[in-house]
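Q: Letter by letter, the sequence shown follows residues 1212 to 1353 in this note's numbering.
Quick caveat, the hints were computed from the structure, so don't treat them as lab data.
Even for Gly, the Cβ is constructed at its ideal location relative to N, Cα and C.
Treat the hints with caution; some may be incorrect.
[What the hints assert, rightly or not] DEER-style ranges, computed between Cβ atoms:
| # | residue 1 | residue 2 | range |
| --- | --- | --- | --- |
| 1 | R1282 | Q1249 | 43 to 51 Å |
| 2 | D1335 | E1240 | 42 to 50 Å |
| 3 | S1300 | L1263 | 14 to 22 Å |
| 4 | S1308 | T1242 | 22 to 30 Å |
| 5 | V1343 | L1225 | 22 to 30 Å |
| 6 | L1251 | V1343 | 47 to 55 Å |
| 7 | A1310 | P1284 | 39 to 47 Å |
| 8 | V1232 | F1299 | 15 to 23 Å |
| 9 | S1308 | R1280 | 18 to 26 Å |
| 10 | V1343 | S1260 | 23 to 31 Å |
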Amino acid sequence: MPAALVLVLVVVALHALGTAVGGWALLQENTGKQEHGQDLLMPMGMAWSVALCCWGLAVLLAVCVVRARKRRPWVRVVFAGWLGLVAFSTLLGVVGSLASGGPSLAVLVLFGVDVSALWLVLGDTVHRWFSVRGPAPTPSRG
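Full structure from sequences and hints, please.
A: Below you can see the structure in the form of structure tokens.
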């Protein structure tokens, strides 16, 4: 497995973990506000829906990280789509924060990491990894 792909797998695995924790944190924050009689971030039904979507996406990303070793081409497509979406949304956040004093260094670093991972996924090394199939199974004689 090429080192570029290992870097992408680490980035996507961290995104999966962050997405799962984000769904949990949303529910915890909403529940805490409800218990203290404060305004909710969103209705509880919607919060549960968002959390379930986050957890489903985290499971999909984790499955893709595990299946990358099997050289499934659809895994590369999921990686490219996810990293493209994350990079675009981070870019929107960077542009939006320019009006309020500029983005933080952490956001810029995360944007750079996401764009780099996307560039690696779309590059030749990772493309070759996912386009080559393993050896064909040989029938056993006996």
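Q: Please go over all the hints and tell whether each is borne out by the structure.
A: Consistency of the hints with the structure:
1. R1282 <-> Q1249: 43 to 51 Å: Since the Cβ atoms of R1282 and Q1249 sit about 50 Å apart, the hinted range of 43 to 51 Å holds.
2. D1335 <-> E1240: 42 to 50 Å: 43 Å, holds
3. S1300 <-> L1263: 14 to 22 Å: 20 Å, holds
4. S1308 <-> T1242: 22 to 30 Å: With Cβ atoms ~29 Å apart, the hint holds.
5. V1343 <-> L1225: 22 to 30 Å: 27 Å, holds
6. L1251 <-> V1343: 47 to 55 Å: 50 Å, holds
7. A1310 <-> P1284: 39 to 47 Å: 41 Å, holds
8. V1232 <-> F1299: 15 to 23 Å: 22 Å, holds
9. S1308 <-> R1280: 18 to 26 Å: About 38 Å separates the Cβ atoms of S1308 and R1280, which means 18 to 26 Å is violated.
10. V1343 <-> S1260: 23 to 31 Å: 40 Å, violated
Checked against the numbered hints above, the structure violates hints 9, 10; every other hint is satisfied.
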